[in-house]
Structures are given as C-alpha cells and as structure tokens.
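> Residue strings, one per chain:
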Amino acid sequence: MGIALQLLFTGLGVGSIYALVALGFVLIYRATNVVNFAQGDFAMLGAFAMVVLCIDLGWPYWLGIVLSVIAMALIGALFNLGVYYPLRHRTFLPVIISTIGASILLENGVLAAYGPRPQSLPGVFASQGFSIGPVFFDSQYLTILAVTVVAVALQYLFFERTLLGKKLQAVSQDKEMASLLGIPVAFMIMLTFVYSATLGGLAGILVAPILFVSVQMGASIALKAFAASIIGGFGDVTGAIVGGLALGVIETFGAAYISVPYKDAFAFLVLFVFLLFRPQGIFGERVAEKA
Amino acid sequence: MSASAQAGSSPGVPRRRLVGAIVCAVAAAASIAIPLLLPMPAYSLNLLMQASTYAIAVFGLTIVLGYTGQINLAQAAFFGIGAYCVALGTTTLALPFWIALAMGVVLAGVAGAALGLTTLRLGGHYLAMVTISFQTILSLVLTNWIPVTRGPDGISGIKRPWVFGYELTDSGVYLALCIAALWIVGFFVWRLGHVKLGRQMQAVRDNELAAGVVGVDTFRTKVTAFTLSSVLGGFGGGLFASGFSYISPDQFSFAESVVFLTMALLGGVRTPFGTALGTALLILLPEWLRFLKVVYLAVYGAAVILIMVFMPEGIWGFAASVVRRVRGAGKEIAAPVPPLPLTTRTAQASGEVLLSVRKISKHFGGLKAVDEVDLEVRRNSVHALIGPNGSGKSTLLNVLSGLYVSSGGEIVLERASIGSLPPHERAARGLGRTFQNIRLFSAMSVLDNVIVGAERPGNPVEDGSVQNLARAALGFVGLADRTQQSVSSLSYGHQRRVEIARALAGNPKLLLLDEPGAGLNHVEKDELVALLKRLKGHGLTILIIDHDMNLVEKVADHITVLNFGRHIADGAPGEVLRHPDVIAAYLGEVKDRAAA
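Keeping their order, the protein sequence lines are chains A and B.
Here the first sequence stands for residues 251 to 541, where the numbers follow our numbering.
Here the second sequence stands for residues -17 to 578, where the numbers follow our numbering.
Okay, chain A solo, but in the shape it has when bound (with noise of 0.2 Å):
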C-alpha cells in the first residue's frame, strides 16, 4: 500500500509535465488546427535557458526562472513567425512537416553549441522533502504538482473571465467569422504560440532538477504528452489534463511493476487501445467534417 501511494504521488507529479506540454498541444492545436510536432522542445529549451543562467552563469535561481520563461516567450512568437505564419493557409500537412522541421533545428541547435553531455539542475528548494508515514514527498514534485494546479487555475480564469481570453476562443472556434468581429486573428494564434512556448519552457524548467538536461528530453516528452492529449480527447483542455496525469501514473506503475526496459511502450500501448476503441478519447466528441 505504501509504495502504491509513493508511486501514484510519482505518477502524478510526472503526469503534471505530460499534462502542461499537451496543454501547449491542445491550445495551438485549437487556434491553428495543427499538431505542433516541436511541443516537446520548447521543453527541453526552457530547461537548457536554466541551466545557462544558473549554472553557468550563477545567476540566482529565481531570476533564471523569470529570464527563462521570457525568452520562451520569445521563442514562441519567434516560432509563430517562422514555421506557421508562412504555411497558414496551406493544409496541415506542410504544417506539421514545418513544425518537425524546427524540431529538428531546435534539438540540433542546441546540440551544436552545447554538445551531446547531459546537464544537471538542482531542485527549486534545498530541501529534499519528508515523509508522512511511508510516502515520502520529494519537494520537486510537490512543486510541479502545485505549480500546474496554479497554471491550470489562472488558464482557466484567463479563458473565461478576460476580453482577450474569450477573443483567443472565438479565433479558435471560427478564425473568419473572429476576423470580421474585428478579431485580429494573427496577432491572437502569435499570442497562443507565446503562451504554449511559456507554458512548455515552464514543464521544461520544472522537470529539468528530475531528468537529466539533455536535448532529446523535449522529445519524448512531447510524445507522451501527445498522447496524452489524444487519450484525454483531443483538443479537449480537460481531457489533456486528465489524460497527462492518468499517462504519468500508468507510466510509473507500469516502470514498478512491469518492466523498467520497457516504461517508455506504455504510453504508446495504452494509446493503441484508445485509438482502437475509443479514438475520441475520455472527453472528446466525434464530430464529422462539413460537405
């Protein structure tokens, strides 16, 4: 019973990363129609902007955090411009094929001028942790858990209660009709480029003191995440909630009890069985294209 506790608390923190990655998913997805296959590496450039100005340049802590996430702010209206503007009125196909294009930029660059040697991040707080009973509570889960009950709570409240909240879901559910209200619809899909890229730093930054700091970090976590985001229901903001954290418990459960060689196919199994029976997922619906 103990170390079921202690791997659901595991399973959860890392199913909090899965689940602000496909939150970045699910937004973009839904201004633009288009799967962002570089998700992850916002990620991992979020994490290697940390290691830079804390390590290297010892740099406080939280002063990294603040820089890192502008500069993935950055970055997101920089990828708006460069890989999607371009492409906007093309299918999705050059889209994404665009998009792993920068993937594949993305990683590379960062390899050429850091090279192949995984870094390492210390933890936000000193402290370890504690134990209450037999489930010990290492503090950078605790702090990625509540930093996404935080992210998720301000995004809602943004989405619902703001002019420019509702102005980015009206973009997403009719970009024309968004554009004759006087909507500007380019400037909204920028803004929801920069927030995906803010909000994937930020699991990047998070989850950097547990993994190590590496360029391919970005993607497997962006698959798990994707995944995560089609089991939830695909570009369902609840369902990516749901389904991250659901991916991060069956992930570590499966790591326990299973096969440790093996942790990354769950994810992908349980993602077979989904698009097999449920290809909606939890909370989507199924809805046919308009003749």
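Worth flagging that the hints you see were computed from the coordinates, not collected in a lab.
These figures come from a predicted structure and were not determined experimentally.
Using N, Cα and C, we set each Cβ at its ideal position, and we do this for glycine too.
Cβ-Cβ distance ranges computed for the label pairs, FRET-style: (1) B/Tyr25 - A/Arg528: 51 to 57 Å; (2) B/Leu288 - A/Tyr406: 36 to 42 Å; (3) B/Ser399 - A/Gln423: 35 to 41 Å; (4) A/Asn283 - B/His561: 39 to 45 Å.
Mimicking DSS-like on lysine-lysine, the simulated pairs with C-alpha atoms at most 30 Å apart in a straight line are: (5) B/Lys350 - A/Lys416; (6) B/Lys491 - B/Lys536; (7) B/Lys518 - B/Lys536; (8) B/Lys518 - B/Lys491; (9) B/Lys536 - B/Lys515; (10) B/Lys350 - A/Lys425.
Assemble chain B onto chain A, guided by the hints.
Then chain B, alone, in the frame of chain A:
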C-alpha cells in the same frame, strides 16, 4: 509531371514521352553497367548502396504521402523490419537470402496493413502519432529483446544472396542488383501514378470527401497505400542489411524516419523521380558539407522548413513547374470521341419512382436540421428541392449521399435500401453528386478528375474506354479542349462544369446537384440552365437544390419545399410557387438575402 505524362491530345506529348522513355532506359542501363564494369573504391560503393536501398524505401513515401496524402513517420521501422528479417534469417536461422528477404517484405507489409487498418479511419494527426508510437515501440524492442535481436550491439555477418549459383560477395555486383531493383520499383511506382488505383489515391489526397462520393473506397485505398509503402520499406531494408553485412538498432530510429521523410519532401514527394533525387542529395550532402559537421543537422532542420515554405513540391516539382511555364500550354485540339452513353438515350417519362425517402431525419444534438421529410423522385424527371437558408436542404443531400448518417428514416434507390451504405457504395449504386462549394481533386488534371468519376464501381463501361468516356463527359459540358489543364487553373464556372462532368462520367442513375448556380454570373447561369435542359432532354433523373427561383422554374418538373427541416409543400412548379406557406417562408428570407 505526373499529370502531364497522361497520353493527351496535345501534339508534342507522345514524342516527349518517347524521348523520356529512351532517356530513362539509357540511364538505367548505364547505372547498372557502371558498378558491374568499373572498379570503385569501397567508400563510393557504400554510399551508392545506401542511396539505392534508401531510395526504394523512400519510394514507399511517394505512394503513401505523395499520392495518397497520408503521413507515415515510421518508414525506418518498416525498413528495420526488412533489415532484421534478412539479418536474423541469414545468420541465426541460416536461411537463404531470398527467403529471408521475402519474410521481411511480408512481415513489413503485414505490420503496415495492421497499422493502417486500425488507424486510417482517423484523421492525419492520429496517423502521425500512431506511426511515431509504432516506431518508438519497435526501436525499444530491437534494443531490449537481446536474446533475439542481440540488442544494441547489432548483428554482423549478414549473408549476401546467391544468383545463378554465385554468391554476390563482390560489392560492385551487389550494387548493380540494388540499382536494378531501384529502377524496377521506381518504374512501378511511377506507373501506379497513372493507373486507376493511383488516381484513386490522388483523389483521396486532394479531397477525401469528394473521392468517397465519386465511388472511391477511401479507407481501402488508404490501407492499400500504407501497406504498399511498408512493403517497399521492408524491401529496401532487406537489401540494405545484406549490402552492409552489419546492422544495429540505431539505424532504424525515429530520427531515420524523419530523414526518410525529408528525402522524399526535398526531392518532390509526388513523383519517384523527385524522391530518388532527394535521397541521393541527402546522402551525398553530408559528405559535401563535412565542414559544417557540427551544425549539419541544424541546417538540415532549417532546410525542411524552407522547403515547405518555398518549394512545397520539392526540387523536382519546382523544376517541373518552371519547365511547364517556359514551355507554355500548347493549344489543345479536341479529339473526336464517342458520345456520352446517357446521351444516346431518349427520355421516356415512365413515372416510376427511382428514389424514395421516407421520414428521414438528421439531428445535430438538439437541432433537428432535417425532420421526418418524405420525398419521391421519379425516373427521368428533374426534381427541385428548395427552401430558405438553413431549411435543411444541403443536410438532406448529405444524408442522401451518405456523408451524414441519418438519425432515422429510410432511403430507397431502385427498391433497394441504401440508408446504411457508405458514400462509395451509394455511388456504386448509381448516385452521383456535385457540391455547393466545389470539391475537385485540385492537384490533378481536368481529364484525370473526370476519369476518377468514370472509374466508379458499377459503371457499365469497359476498362479501356474510361478515358474516352471522360472525354465525352467533358465534351458534353463544353470543356473538350481543357483536358490537360490543372483544374485549379480553371475559372470558377468551368470548375463547376468539371464537377458536373465528373458526375456524368459515372453514368449516374440519379444526379444530385447541390446549388449548381451558386457563385455563377449571369452568363454562366444561362449556360448552366442550357446544360441542365440538355441533360433533362436525355432523360437523366436529377435532384437539384437551389436558391435561384428562376433557375428552378426553368428546369424543374416537380418542386419540394423545405422550411426549418420540415416538408411544407410539394407539387408542380406553378402551384408550389404560389402556395401561401412557400411565399411566407420566402418573404421571411428576403432581408437575410439582402444582408448576405
């Protein structure tokens, strides 16, 4: 390129095709003879071996992505299946090369078919994800299933094939074999682009919805494409393993799948010439760009984005479009063709009911877009369905052609219930249609668009004459001299006529026209009325939806009026248009129209 190679009526085309065939034959013979006759350094042999076996796998992407428009991010996995079958078959199992290769090809094909069957009903993003998942799982298995795959160390000592009693230990001879295989596979892939299956694939790529309505079994076509693609992946991989005699799991990772994809896109994914060119470039490029080594892959990622932005059809597609522009469109001479079969008929108003719709409904959540509508269309009549905006006309048509699943009711065509059939099977029963917002296969030529229509299952026509049938249909709508043009270069009015020709070429028993007058100017509308009258004169049964009362009055024998999803009037044009409910429904719409 693929479209212009169709045998056309433009005078230069046959000669150009002959020259092309001769150039290809000479190039093939030379490229096979050179490694056989000239000694080559091992370094060049290896590069060429890699290029030729990779290119075979990349041809698979021409089929699945280039022709069919479905993304496959697991080609390296299929390549790996072929390679591991040959590697394990010729070492652990001590099988002859050819049997091991056949195993690899079959296994890759089975894996591709299984993957396709489970996921191709879903949209493109899912396919991208599923192929990545498959790729990731396969890489994990290759690395971790050490007793069988020998894990990360890989497999060495892979055997070469025996041909006529000789083992091809000489790498030059083996390379010649690979290049011969490359040419053969390349030829078949090129041919595929010009036969029925290939046209159907392209139709699915350009407009899946329209392809289904025209009679293409879109799901089966996609699964076929995916399977063929994985078979080629396995074949290339098998040749690769034997060529290098050593393989390891990292050669078949997701990164390699991305490399395959980039090769196809860089050269031009829609023709095997392009994919071969892209493969060669991307294998030679790193050798030439050694000075960039550290940033090479970053440059490569940037190149992918730039290709997508500036050369969406790759180098070959870009070059082909430049050539086409320089050469200009030759004046087409319309060749004489036999008349359209339906035009040999004459009208015999039998009064028999062809289509009968009983209590059909379509609900979207709480909205009853179509609510228990009854409708009877008699053979050889033109039946119009009218009603204000939002009255459910288009929804009803989509239910009839199978794009929407009805929420209740029955559809009977020629005494057979078709209400539960998918769109392509309804097309096979003789239901043709056009769309309000024109849905053509935009990257195909005018003629190929109409040929896809002529090739509908159940169309009473011999295989050889579909081209003539398509030409006849184009002639009937007055576009006999536009056959070789790309449909996207035509005007809106002409595109509409191509769509009608596409439906006519399938010899429909019942033609559904969804607002054929929408967006046409006065002249085009008059031409449309004339065309509809001619069709009516030949006794074609038509169900037409339109807003334009003038148009409807001129052609309809019978009018049904819908409002708010319900049937409000039915009868001959004169009496229906004077019906008080109809007038009320339409007066209510006047201001809406002014606003639109």
